[in-house]
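So the chains spell out like this:
2 protein chains.
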Amino acid sequence: MPQYNAPLRDLRFVLHEVFQASQLWSRLPALAECVDTDTADAILEEAAKVTGQLIAPLNRSGDEEGAQWLAGAVTTPQGFREAYATYIQSGWVGLSGNPQYGGMGMPKMLAVAFEEMLYAAGSSFALYSALSSGACLAIDAHASEELKNTYLPPMYEGRWAGAMCLTEAHSGTDLGLIRTRAEPQADGSYKVSGSKIFITGGEQDLTENIIHLVLAKLPDAPAGPKGISLFLVPKIKVNADGSLGERNAVNCGSIEHKMGIKASATCVMNFDGATGYLVGELNKGLAAMFTMMNYERLSIGIQGIGCAEASYQNAVAYARERLQSRAPGGPVAADKAADPIIVHPDVRRMLLTIKAMTEGGRAFACYVGQQLDQAKFSEDSEERSRAEAQVALLTPVAKAFFTDTGLDSCVHGQQVFGGHGYIREWGQEQLVRDVRIAQIYEGTNGIQALDLLGRKVAANGGASLACFCAEMEAWAARGGLYAGELQEAVQRLREVSAWVLEQARSNPNEIGAASVEYLHLFGYTAYAYMWARMADCAAARRAGDEAFYAGKLASAEFFFRRLLPRTLGLEACIRGGSAALFGHTAEQL
Amino acid sequence: MPQYNAPLRDLRFVLHEVFQASQLWSRLPALAECVDTDTADAILEEAAKVTGQLIAPLNRSGDEEGAQWLAGAVTTPQGFREAYATYIQSGWVGLSGNPQYGGMGMPKMLAVAFEEMLYAAGSSFALYSALSSGACLAIDAHASEELKNTYLPPMYEGRWAGAMCLTEAHSGTDLGLIRTRAEPQADGSYKVSGSKIFITGGEQDLTENIIHLVLAKLPDAPAGPKGISLFLVPKIKVNADGSLGERNAVNCGSIEHKMGIKASATCVMNFDGATGYLVGELNKGLAAMFTMMNYERLSIGIQGIGCAEASYQNAVAYARERLQSRAPGGPVAADKAADPIIVHPDVRRMLLTIKAMTEGGRAFACYVGQQLDQAKFSEDSEERSRAEAQVALLTPVAKAFFTDTGLDSCVHGQQVFGGHGYIREWGQEQLVRDVRIAQIYEGTNGIQALDLLGRKVAANGGASLACFCAEMEAWAARGGLYAGELQEAVQRLREVSAWVLEQARSNPNEIGAASVEYLHLFGYTAYAYMWARMADCAAARRAGDEAFYAGKLASAEFFFRRLLPRTLGLEACIRGGSAALFGHTAEQL
Chain A
176 MPQYNAPLRD LRFVLHEVFQ ASQLWSRLPA LAECVDTDTA DAILEEAAKV TGQLIAPLNR
236 SGDEEGAQWL AGAVTTPQGF REAYATYIQS GWVGLSGNPQ YGGMGMPKML AVAFEEMLYA
296 AGSSFALYSA LSSGACLAID AHASEELKNT YLPPMYEGRW AGAMCLTEAH SGTDLGLIRT
356 RAEPQADGSY KVSGSKIFIT GGEQDLTENI IHLVLAKLPD APAGPKGISL FLVPKIKVNA
416 DGSLGERNAV NCGSIEHKMG IKASATCVMN FDGATGYLVG ELNKGLAAMF TMMNYERLSI
476 GIQGIGCAEA SYQNAVAYAR ERLQSRAPGG PVAADKAADP IIVHPDVRRM LLTIKAMTEG
536 GRAFACYVGQ QLDQAKFSED SEERSRAEAQ VALLTPVAKA FFTDTGLDSC VHGQQVFGGH
596 GYIREWGQEQ LVRDVRIAQI YEGTNGIQAL DLLGRKVAAN GGASLACFCA EMEAWAARGG
656 LYAGELQEAV QRLREVSAWV LEQARSNPNE IGAASVEYLH LFGYTAYAYM WARMADCAAA
716 RRAGDEAFYA GKLASAEFFF RRLLPRTLGL EACIRGGSAA LFGHTAEQL
Chain B
176 MPQYNAPLRD LRFVLHEVFQ ASQLWSRLPA LAECVDTDTA DAILEEAAKV TGQLIAPLNR
236 SGDEEGAQWL AGAVTTPQGF REAYATYIQS GWVGLSGNPQ YGGMGMPKML AVAFEEMLYA
296 AGSSFALYSA LSSGACLAID AHASEELKNT YLPPMYEGRW AGAMCLTEAH SGTDLGLIRT
356 RAEPQADGSY KVSGSKIFIT GGEQDLTENI IHLVLAKLPD APAGPKGISL FLVPKIKVNA
416 DGSLGERNAV NCGSIEHKMG IKASATCVMN FDGATGYLVG ELNKGLAAMF TMMNYERLSI
476 GIQGIGCAEA SYQNAVAYAR ERLQSRAPGG PVAADKAADP IIVHPDVRRM LLTIKAMTEG
536 GRAFACYVGQ QLDQAKFSED SEERSRAEAQ VALLTPVAKA FFTDTGLDSC VHGQQVFGGH
596 GYIREWGQEQ LVRDVRIAQI YEGTNGIQAL DLLGRKVAAN GGASLACFCA EMEAWAARGG
656 LYAGELQEAV QRLREVSAWV LEQARSNPNE IGAASVEYLH LFGYTAYAYM WARMADCAAA
716 RRAGDEAFYA GKLASAEFFF RRLLPRTLGL EACIRGGSAA LFGHTAEQL
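As given, the protein sequences belong to chains A and B, one line each in that order.
Add 175 to a position in the first sequence, counting from 1, and you land on the number used in my numbering.
Add 175 to a position in the second sequence, counting from 1, and you land on the number used in my numbering.
What the hints contain is simulated information worked out from the structure, not anything from laboratory work.
Since the model is a prediction, treat every value here as computed from it, not as a measurement.
Among the hints, erroneous ones may be present.
Any copy will do: because identical chains look the same in the list, a pair fits if it lies in one copy or spans two.
[Unchecked claim] Here are the simulated DSS-like pairs of lysine-lysine, each with C-alpha atoms no more than 30 Å apart in a straight line:
1) 459 x 551
2) 511 x 401
3) 459 x 412
4) 459 x 511
5) 511 x 366
Put together the whole structure using the sequences plus the hints.
This is the structure in structure tokens:
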């Protein structure tokens, strides 16, 4: 019953009009040769088709059927195999992959738009290739030329998939505790042994091979995080000519029964002396993983935006059709038994909250994508390092804020349906269940918040933050729409940041005590910057497509009047300090 | 794996120490004869056993198995029949029922404590008797003596269950649209025909009979809500001697597949000329339903508290056991590989947020229960009418605020588990799914908010509100703990209320635009009153049970420092006004 239509007009607005992507693309040689506005639009349109017509129709049935495990084999729900085979034909898995090994080399600014569509159409389906893209990134950045030549082309093609094997039963956030072992072999390879849990797509029936990237420790490795290395472990060994050889000692012991993303197989993976190959340097596995984390965490954050967009589309359609009660000011559809519920102020509040947060997030994803592209493709080292610092700062915000607001949005979108929202066939409750995982995996949102405030803000004494604030203030100084509101919000962020850093000097608990609310304060401020830019852009172009731009301006107004003021509460709660968190003994909790 | 232990110490603290229930009970004759402190404690202890040992163990398996429908018959999950048979033996269904017809006549102050335990142990199981209690209330208040004599005793016994049949596919919030018809018969009965949806426990295999209270219209009834009457329609007709007769024309057409409360059968009920009996006056069916709404809505709100408490118990146990990373200030469990996560500030923030909101809610439920008891049992008409006005004002707050914060709490309790929180076996994700319905049914929380601000605050020009504010201010004027914070919060509520009412004079959309955030502002303020009272009480009794009272004081501190400041954001968002909700055309949404 639920349908998904990619919001192409909105995606183009952000990409071309607000951020004028082609200006960046034309000045960076690696991008200039493969993408321009027309190419980008053609890709977006093709992506809209594949996500709306091929993937979205499998989302409800995939949830009902779920992934199945039997004797080590995983079966994906009906239709997934055929859809996946069609999906990979257009090279989507390698969209932003390295062209040297068969990737399409597209910018992240464009990839984030595709990722939004993919998650909106179906989170479970999306994950089967999202993890491949992430694994390719790590291999491309750190593996030997031989490994890259062997593994990247079929992975970009989607014939082989990637899986990330980090977590163990006793070791999630704290990876220093892992027990998986890698024994060096005479031929330079390793024998990997151990058990990993929560491995998305660790086993499936979609691809010929699965390439596991596994964190493990050598027998003599230093204790803790500094003894972790990264290994490539194929499910099926690969012969020298690239053909598939014999089965490796990697097995799926079971799959989890979960709240949502039920069509995505979440596997227990057992490695019993499996042959693996070192990726990057010994004992620097965590660093190798982190190189790709910013790229990956942004993508996982986008699951929040995609699910919210899907929920919104269903909710607004329902609100236009469902007749119930009369508008506060008197009948709007006097010829009907009742008015459509879209006339009721609180229904509009819910819809607009989803809309303003989703569109703010979409713009922010594109903005961070732009920074990632500058960091990756710029030939100017100063531009690169500035962009890298921005990306490091903004990535935890994107990951956690997109997904925290993604849950809120999906809950609102479900609430618009009343009792029908609780019934599975309408699809709204599935989006709540599916989006919920995005606040947890790829580093919980609490960990993202610690990363933001501890490592990205406090660790450099607020330097990266100051740089981003200066950019926002420079925008406000142009005196465009909502310049005053933006200026005030940035000032609040600066002051709260300074206050927290001051507190943290004498109390190590202050960072963690403030972190989640701080990340939200940061997120609303960043969205204020996005909405100020979108509003200015819409105002300037209003002549062309009046209704569209007027809608954008109305959404900006809603954001600044009804959502940004939440920052007052966040600030006040942060300033409540850490002491109140430590007034109880463990027994009193 | 999840366990539930009723928080008896906390429940007694609220009932006996904070609200000194026995003082009220001893001065109201109807209560004085059946309850005192010892009786209440014995009931609470017995309730703790039945919920913790009999009901809670069925909650996970009940979710996995779900209620099943086959050819009109509903089968509840394994163990439910036996547990229900044991459960009703102690008379729990009639706990606060009218003693004249076999009820136990217990005060609502005590019943709310039992209801919390019941929902905490298992929302689905709880619903099979919760609806009976509600139906009994309506019958007791409005039915003829003959109907009461026939139906109430077996319903209080739990041998027969009650069901509320209001919603139709096209008619939920707007009951004026219902199409179910009742044709008068020569013998004074009616033939009821129509189809109802979302009927909790409309069919099941637990009781000998099911008594449906059905909203329907006579053929010549006025249009809209003023033409609705209430009918009692038994599943199996009852002979003059009270024995069961032939099957009535009531059938369960199917059950819904839902997000949660899967062991509760949510039925489509078809009435095909079923024999029914008028309850109350013709065309005053809605009024008859609303008499019981305040009683029922409070109970449904308590589902939010119960689920939050269950989630908290699991989360705090997990946080004590799970070892991951080190405390910010250095190792706490130096002998272990990592510290228990309860040392991390953000984990404590999540736990304390659940704890402070759950305990605030528990106190508020008891407080509203006290007002309900005064309204029902007082022999002083002035006390009764004051209490009735308070109950009318506070009930929508309780229903919506308990359940909105209940969802937040269950999400926090799930988040504490990291990835394990997303796995079904741990039970935390089920609590999120189960509690979610409580924001929707029994009038969505948006409708509760409209009821609060439109009917309970605005309609009497703020008189009821002023009365409640005066009570809170009088407490603050005593100068106890947090008196200043409470005074400030009440002042904010007064000012925001006055501002909204002023806006609403010229714009009918202002009430609906402010309502949900207003309800939350009201809720935090009411909890500030509760926490001020609990803190004073704990401070006064600190000598007796040091650790317990110190914990209460620490929780109060957390509430006032870290949660109450959220009201600043709520106020600012409300003052953003309604205009921003109506800047879009329907097409621009």
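At most 30 Å between alpha carbons: which applies to residue 459 and residue 412, within, between, both or neither?
Within one copy only: 24 Å inside a chain, 76 Å across chains, cut-off 30 Å.
Up to 30 Å CA-CA - residue 551 versus residue 459, copy category
Within. Shortest intra-copy distance 21 Å satisfies the 30 Å Cα cut-off; inter-copy 71 Å does not.
With 30 Å as the alpha-carbon cut-off, assign the pair residue 459 and residue 511 to within, between, both or neither.
between (68 Å within a copy, 25 Å between copies)
Within, between, both or neither: residue 511, residue 401 at alpha-carbon 30 Å
between (69 Å within a copy, 18 Å between copies)
Status of residue 366 relative to residue 511 across identical chains (alpha carbons, at most 30 Å)
between (72 Å within a copy, 29 Å between copies)
Every hint, counting from the list given before, is met by this structure.
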